[in-house]
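Letter by letter, the chains look like this.
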Amino acid sequence: MKFRTLITAATFGLTAVAAAYAAEPQEMRQEMMKHVGGATGAMAKMVKGEDDFDQAKVIEALTTISKTMAEFPAQFPEGTETGMETEAAPAIWENKADFEAKAIALKDAADAGIASPPSDVDGLKAMFGPLTKNCGSCHETYRLKKEG
Amino acid sequence: MTPPDSNEPRPASKGAGIYIVGALAVAAIVGAGVFWFVTAPKPLGDDRIAAIDAVDADAARGETIFWAGGCASCHAADNAEGEERKILSGGHRLTSNFGTFVVPNISPDPEAGIGGWSLADFANAMLAGVSPSGGHFYPSFPYGSYVRMTDQDVADLFAYLGTLPASDKTNAAHELKFPFSIRRLVGGWKFMFFDDGPRVELANADDQVLRGQYLVEGPGHCGECHTPRNALGGFRSGEWLAGAPNPEGEGVVPNITPGGPDIAGWSASDIAYYLESGFTPDFDSVGGPMVDVQKNMAELTASDREAIATYLKAVPERPNGY
Chain E
91 MKFRTLITAA TFGLTAVAAA YAAEPQEMRQ EMMKHVGGAT GAMAKMVKGE
141 DDFDQAKVIE ALTTISKTMA EFPAQFPEGT ETGMETEAAP AIWENKADFE
191 AKAIALKDAA DAGIASPPSD VDGLKAMFGP LTKNCGSCHE TYRLKKEG
Chain F
143 MTPPDSNEPR PASKGAGIYI VGALAVAAIV GAGVFWFVTA PKPLGDDRIA
193 AIDAVDADAA RGETIFWAGG CASCHAADNA EGEERKILSG GHRLTSNFGT
243 FVVPNISPDP EAGIGGWSLA DFANAMLAGV SPSGGHFYPS FPYGSYVRMT
293 DQDVADLFAY LGTLPASDKT NAAHELKFPF SIRRLVGGWK FMFFDDGPRV
343 ELANADDQVL RGQYLVEGPG HCGECHTPRN ALGGFRSGEW LAGAPNPEGE
393 GVVPNITPGG PDIAGWSASD IAYYLESGFT PDFDSVGGPM VDVQKNMAEL
443 TASDREAIAT YLKAVPERPN GY
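So the sequence lines, in the order shown, correspond to chains E and F.
Throughout the first sequence, residue numbering follows this note's numbering, covering 91 to 238 in sequence.
Throughout the second sequence, residue numbering follows this note's numbering, covering 143 to 464 in sequence.
If a hint is listed, it holds; no wrong ones were tucked in.
Derived pair list, reagent style DSS-like, types lysine-lysine, alpha-carbon separation capped at 30 Å:
| hint | chain 1 | residue 1 | chain 2 | residue 2 |
| --- | --- | --- | --- | --- |
| 1 | F | 437 | E | 215 |
| 2 | F | 437 | E | 236 |
| 3 | E | 135 | F | 455 |
| 4 | E | 157 | E | 186 |
| 5 | E | 215 | E | 124 |
Hints are computed from structural coordinates only; laboratory data are not their basis.
So that you can see chain F by itself, here it is in the shape it has in the complex:
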C-alpha cells in the first residue's frame, strides 16, 4: 500500500472537513448567541423598581446625595461656580484611554435633559447602567459605584434633580476609539466587572465605618479615579484606592489607602478636615480635579466626612497603584 499523495485529498479527510466546518458554524452560532446573551442590557427587576417607586422621596435629602455623588463635577459646565453648579447642562469632555466621553445634559429639560424620565428610568440608569431606550450607558457614568446606592437615596436624588434649573443645551456624541465605540460591548464589561458587592471586606466594621464604606464605594465613587484599571477598564484586583495614573493626562491620582505616601501619616480628623477645607495637615491645598470633589465634600455633614475618613483609615494598606 502506497501512501496517499499529499496533494490528493483523501475521502476520509473530506468527510472530517465537513464535520469541522459544521462544528465551527455551530460554535459560531452558539458563540454569537452567548455574546448576544452576555452583552444584553439588563434593566432592574420589577420588584426593585416597585420598591423604589414606593419610597417616600424627599428632595431636600436628595441634595446631600447630589453632593456626595459629585453629579455637578461632570454634569455642570466647565468652571461653573456657586449656583451655576446646579445647572446640569453637560458638555464636559472626559478624556480616557478609550476616547473622549462628552458628558450629557441631565437637567430637567424634557428634550435636551432628563425631564421626560420616570423614576424607573432614572433607577435603571443609576443602578443598572441601562438607558430609557434599553441600551447600555458607558461606565464613564459611574453606575459601577452607584449600583450600591439605596432605594431611598436614588429616589431622593431623582426628586432633587427635578428641582434644578432646566437647560436646553445639546451636546456632541462621545468620540470613542474602535472597538469601544460599539456600545453593545459594554455588556461584556458589565459581565466581567459590574456587581454590587463590597469593594473590600472589613472585619468588625462599626456603623461609622459602614457609613463611610457606603459613601466611598457607592455615591462618592472615589475608587473610579483612585483605583488603577486594567486594559479593559476594570479595576485591578487587590488594588482598591491604591492610586492610579491620571486618566486625563500627566501626573497621578494619589494612593488614599493607609499605605499611601501622601496620607499615611494623616489622622482620621486630618482627612475629614481636608475634605471640609481643602487643606492638608501642613496647609498645602487641594489641587487638580480633587478641587471640585472637595467642594462637593464640603457640602456634606461633618459626621459623613468623619465616616469617610474612618473608612479610609480602615481599608487595607496598598502600595502605589501607579
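Same shape as in the complex, but just chain E:
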C-alpha cells in the first residue's frame, strides 16, 4: 500500500509538472528548456555578483533542473522531428541512448549539488562551471540553429 502510494505520488508529481506545459512535445520541450534557462540564470547572476548568494534559491534552481531533466528525453517521440520551430537536431533520433545519457548527466550533476549544496558563492562557482558544461556538450550535437 505504502509502495503504491509512493508510486502514485511520484506519477502524479511528474504528471503535474508535465501538465504545466503545453500539449505538443515540441512546445513542451521548448518550455522545459526555458525553465532550465531560468534556473541557470538565477545561479549565474549570483556567480556574476549581480545577485547575493542564496543557498535556498540555488537548491530550488537545481531542483528545477533535476526534475526537468528527468522528463526531458521523453519529449522526443517519433514524429516530432520537425514543426513548431523545433531546433532539435535529427541526431537525437539517430543516437537516442547518447542523447538520454546527456540529459541524465545533467540531472546527476544537479542532484549532486542538491545533496551537498554550496555554502557560499565560491562553492557555487566551483559547482556552476562543471554543471553547465552539460548544456553545451548536449547542444553541440543535438540542437540545430535554424533561420531566426
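Since the structure of chain E is already known, use the hints to place chain F on it.
Okay, now just chain F, sitting in the frame of chain E:
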C-alpha cells in the same frame, strides 16, 4: 559574276582560317601562360620571412594565439576534451560544397606532423597558404584570415605549437569533387579572393575596436563561417558576418552583425559574457560548432573578449546572409 558555291571554300577564307587558328593558338598559349602565372603559389618575400625570423618569440604568448586562432577546433581529435585538445593529430572531416577536407596532423611529430618545419615554412603556410613543398593549401585552412596576423603572433604561435605533444597519426587525403581536386586552381581562388586588407572600414575606430577587428578578422577567423560565400568559395561582398547556411549540413550560422535577429539586442557586455560562459542574455546556451569556439574564447583575456564584442557592435548592420 556568280556567287561562290557555299560548299566550295573560297581561297580568301582559307587564308583567314589559318589566321584564326593561329590567333587561337597564340591566345591559348598566352592564356595558359596567364593561367600558370596567376595560379602559381606565391610564398612570402624574403623581407617578411627575415622580419618574422628576427622576432623574439614567446611560447607562453603563443598559447593565447593558439586559442584565439581556434587551432584545436579542427586539428584536435573529434570530441577531445581538456588537455587532449592540445594533441593536434588531425583527422577531423570537414564537409563542404567542394567535398570533404580531412584535417592534417600539425603536432610536432617530424614525420606525421609539422615537427620538421622551419618558422619560414610555418609563416608561408599561415600567411601565404603555401606548403613547404611550394604547393597551395586549400583555404579550408583559413589563411585567408590568418594573413592579417602580425609577425610576432605568427612566431609566438609557432613556438607554442612546438611545445605540444607529438602524435604519429597519419590521415587520409582530402576527398574533393572535380575540379576542386585540382590543387593548382586554388591559385585562381587566391587571385580573386585572397588579400590582407580589412574586411570592413571602420571610421574613428579606437584601440579597443582595432584590437577586436584584428582578433575577429585575423586569428579568430570568425567570418569563415559567419559570412556567406559565392559559388567559388569567396565571401559575398557587402555581407561580412551576415550569417550563412551551415556548410556542414542543415541549419544556419547566425548573423552576428548588429542587424542580426539573434544578437541585435545584445550589449557589448552580453557578447563578452557569451564568449566567456556560453550563455546568452536569457541563459540559453551556446550550441553546434560554436560550443568548441566558445571554449577557445573562454581562454582569452577578458579585455580581448571585450574587444571582440566592441568590434561586433561597430561593424555595419546587415540583413541575414542565409
